[in-house]
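J.: Since each chain comes alone in its own frame, lean on the hints to assemble the complex.
Chains as they are written, first to last, in UniProt numbering: chain A, 1 to 256; chain B, 1 to 351.
Derived by calculation from the structure, the hints in this document are not laboratory data. Hints are not guaranteed to be accurate.
As the list claims (entries may be wrong) - Okay, the calculated beta carbon distance ranges per label pair: (1) A:Arg173 with B:Ala316: 54 to 60 Å; (2) A:Glu91 with B:Arg266: 44 to 50 Å; (3) A:Arg173 with B:Gly188: 29 to 35 Å.
Stated by the list, open to error - Quick look at which bits of chain A chain B covers, simulated, 3 or more residues with Cβ under 8 Å: (4) 151-165; (5) 176-182.
Quick caveat, the model's predicted, so the values are computed rather than measured. Note that CB positions come from ideal geometry on N, CA and C, so glycine has one too.
So you can see what is in the structure, the chains are spelled out below.
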Amino acid sequence: MTGDRLLPRAYAFAMLVFLAVPLALCVLFSFTTSNSAAFPIPAFGFDWYARVAGNPQFQAAAWTTAEITVGCGAAATLVGLVTALGLDRLERRAAVAVLLVLCLPLMLPPLVLGLSLLTFFNMIGLKLGVAATILGHLLFTLPIVASVLYARLATMDGSAVEAARDLGASPLRAFATVTLPAIGPSLVGCMLIAMALSLDDFVIAFFVTGSNTLSTLIWGMMRTTLNPSINVVGSIIIAVSVAITALGLNVTRYRG
Amino acid sequence: MPAEVPLLKLDGLTKRYGDHVAVAPTSLSIQPRDFFAILGPSGCGKTTLLRMIGGFVQPSGGTVQIGGADVTRLGPERRPTGMVFQNYGLFQHMTVRQNIAYGLKLRREPKARMDAAVDEMMALVHLDHLAERAAPELSGGQRQRVALARALILKPKVLLLDEPLAALDLKLRKTMHRELRALHQAIGGTFILVSHDQSEVMTLANRVAVMEHGAVVQEGSPRDIYMRPANVFVSGFIGEANTLRGSRRDGRIELAGGASLAHAGRDGAVSVVLRPEQLELEPIEPARVSLEAEVTDLIFLGPFTHLHCTLANGDALLVHVESRHVAAAHRPGARIRLGWKADDQLVLDAS
Chain A
1 MTGDRLLPRA YAFAMLVFLA VPLALCVLFS FTTSNSAAFP IPAFGFDWYA RVAGNPQFQA
61 AAWTTAEITV GCGAAATLVG LVTALGLDRL ERRAAVAVLL VLCLPLMLPP LVLGLSLLTF
121 FNMIGLKLGV AATILGHLLF TLPIVASVLY ARLATMDGSA VEAARDLGAS PLRAFATVTL
181 PAIGPSLVGC MLIAMALSLD DFVIAFFVTG SNTLSTLIWG MMRTTLNPSI NVVGSIIIAV
241 SVAITALGLN VTRYRG
Chain B
1 MPAEVPLLKL DGLTKRYGDH VAVAPTSLSI QPRDFFAILG PSGCGKTTLL RMIGGFVQPS
61 GGTVQIGGAD VTRLGPERRP TGMVFQNYGL FQHMTVRQNI AYGLKLRREP KARMDAAVDE
121 MMALVHLDHL AERAAPELSG GQRQRVALAR ALILKPKVLL LDEPLAALDL KLRKTMHREL
181 RALHQAIGGT FILVSHDQSE VMTLANRVAV MEHGAVVQEG SPRDIYMRPA NVFVSGFIGE
241 ANTLRGSRRD GRIELAGGAS LAHAGRDGAV SVVLRPEQLE LEPIEPARVS LEAEVTDLIF
301 LGPFTHLHCT LANGDALLVH VESRHVAAAH RPGARIRLGW KADDQLVLDA S
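Just chain B, same shape as in the assembly (with noise of 0.2 Å):
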């Protein structure tokens, strides 16, 4: 990480309801013009944490620092961030413009510039023509936009979307991806997303946190993260994986599915991390470690073929190839031999 001064620091952030802990202490730098995501099932905590950083939710311990300044005990009002709501939260009674031009009336900011300021991002956001549109009578899209460029006209040091993009079918969602990169590199903010999608925030993040159970339990790159996941849950939550259990004794490890390999480590129960695409089909160097399978199901999609195979124990295994090294014979039913290269297992100790 470059030595900037995070712009958003979160030291032992928790929140408690009761004997539940929502979040536990959680601790994050931010950077300024990062695009950070926090990802997580639905119930892990990550909007809590989101709405403790906007000051909607009292934090049970911890702070939350801005700029370097404390922000915890400030109400939303008087933070420096901008919010997205996950159902937006348009003021109905009002059109577009109205919506837009909300913050800045309450800054009682003189008429010209405001309209000015409300031209312009309307224009950002591709929502000039319907400046008179009152907002009930928008769709999804236009809701979302109107959203964003309402909280966007501030300035806020730092705008959190609450999974944004949850309500908006699949093309409309693909289409904001795109807008919303080009909105954070056109601004140059920084950007916290909360989303369960793990490819919405591939796409967009620079940075990510994937929280489990009230608490981060992987921050990195989504490279990184998806490359060396920390634990088996972050391996099947960031892409596919096929997780295949095993025990290491004086540094072999044997595969309930039926492999052997050597691998250094203490003894004991062991999960060995394998990406669907890192599976080949018939190994012909002896340098890999293979197992055998039965094909269960073939799914073509053009390019890629999907692989649905079964182990000796029963454990299904999922195999990506391209669909030229897929041959008749692989047909559901025939046993075939799957490999991979040592390099690419990952092998996480039980916890």
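Extracted from the complex, chain A is given alone in its bound form (with noise of 0.2 Å):
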């Protein structure tokens, strides 16, 4: 390897490092059967988890991050798809346009957002829970399901639909056996980006959940208690996080 190679290299290297050695760590951690999470690790073992899987606390905020990411998901690839296949009526200049401004709550810092949907949903009335959460989490979700399913349909060899139509069958025939399963893994892909997406979020179900999430639970014990539990549940998020992306990029077939 020649020096002007070695340094890119290195400094990339580094910078997994950096941003992967906390993950580790925090994993790591989850394992021991100390009573803190710190080096030494006297022994290793699933006793944290099984405390943790006990906690009437845990229970209640895992059942709402599941409601809430499935619901998500659900949502995002409805209005999603709707979306795009209205998009994709539209001129390209047109439907850029319409993505963009899809886009912007993606530019707000988060917390703004939250913020902002808090005061929205009070005015409105809508009570804070599960429903709101999903509607707030529509907002930096769909934007991407919308882009990504609007790129396929822009792709798709629009005389596929014709020729069916032409063979005979109906516009929602057409839409059935022609167009979905040409977007179908797309589709399942966008739906489990999304799901990966709301489940990392913390600011926005901070303000508008009225309940824990795995996330805000995670923030509340930081406040009370220093203990491996907190790792345990960081840990679960890691893992599932990580299962619904990679299995969201497999399906969608995205390679960079």
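T.: In structure tokens form, the structure reads like this:
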């Protein structure tokens, strides 16, 4: 390896270490049998996992999180699909303009978004909870789902749908037998990515859920306790996020 | 024309997009078993016209009748037309067999009958050995055949072909020309082809409509249109043509390139259209119209030689002659005389 290639590689490696080590430590300490998340680790075991699993607060938060994640995945996919289908009928420039507007929430700091949502939901009298959180999460998952699906539809051969119509299919039938199979993988992939994004959110959940999700649960725990149960919950979130994202990227065949 | 009832009748069919007229009111009659071609440069509205016949574009005015029934307001799924799309529109997640069977499946045809029909159709377009091949794995020519078979299996009254061969290379295109001709004869169907390729149209069609700027400017057999083009645009679009500018006064035309000929008609600007093969070198017969030109280039093509010439006023002139008539004196830079029979020339009054 020559010198001019060594430097960028070393830099990239250092970055990876910098990003991955905290995650690795979080997971590592979740398996400790000690009372504190610190070295030395006397022994490895599932002691803390067992304790967290038995904790009713954790169970409630896990259930809420599951509802929000699945709800957000389904809602983002459905609304995103309808949006993308509509955009596909517009001229390209108009479609891109609408997508840009949809993407505006992505550019706001989540804190501002969360606060605005709380104010708005209070104003219109929407009760805080799972439904409100799903709506909030739609703000930043919908633009991503709509963009991906629009890109997929735009590259699709429009004459395949027309051919189906020509061969006797109603518009709905043509959609079900030609469009849906073509965009199916993207659809599943989008749903999983939306779920992963929803699962990772803390700020909006903090403002509008009203009860605990896994993220807000960790935050609460960190203020009162400092033991490896935090690492356990964190590890669970990491594992589920990574699993969903990996599955999502694999299904959409996304390669960078 | 035989006094048959037209299979397809367009009456004042029009498409406007805002102020833009994509297709000006067009009326055409197409007889059963016609291989009808709509020929024109890109953007002339030919595809829009075809898509209105297929039901993919809602016309702004006029009607489409097929077999006497008005189908103007019907969607493509309710018209007895089949379409072969320019980029084929194959169902990428299906095999060749599934693609071809799609229409019959929608009609809930019994499985045994459906399989037999698909087998027969695949044999007709030489795809029998590829039945289980997935659509994305097919070559251009194979895709083309699947698209044809998929449309033809429903026995449409009219098969619409939207530049179906444009994406194929020249050799494959020629093979497909022969196959399309054979197919048309074998099934006795009525085909409408949209194309910008005049040689394709000459090869395939028995009737041609030439379109320019959204309007049909001439309709007839390929021979009629080649021999008697209605205007300078048509003459230049079908085959090669030399257009000599000139003006007529008191029954004589003075060509800007330096010839004079008797021709009765209204005074004013005219164009004299000559096919390259109608010109001859060093005319001996005094009856010929002739003018002087300078050879600028000479291209030997075996049986024929193409001479590129320039007239006194700078106009270019293309001449196709049999190579045996070309002498050593006909080299670039040489001044030669070119002549033609007055019967061959086509004089068009400037519009």
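J.: For each hint, tell me whether it holds in the structure or not.
T.: Against the structure, the hints:
Separation of Arg173 (chain A) from Ala316 (chain B) is about 57 Å and conforms to the stated range, judged on CB atoms against 54 to 60 Å. Between Glu91 (chain A) and Arg266 (chain B) the CB atoms are about 48 Å apart, so this pair conforms to the stated range of 44 to 50 Å. Checking the proposed 29 to 35 Å range against Arg173 (chain A) and Gly188 (chain B) shows it holds: the Cβ atoms sit about 31 Å from each other. With a cut-off of 8 Å between beta carbons, the segment 151-165 of chain A has 9 residues touching chain B; three or more are needed, and the interface restraint holds.
For the segment 176-182 of chain A, the proposed coverage by chain B is satisfied: 4 residues have a C-beta within less than 8 Å of a C-beta in that chain, meeting the threshold of three.
The structure is consistent with each of the numbered hints, conforming to all of them.
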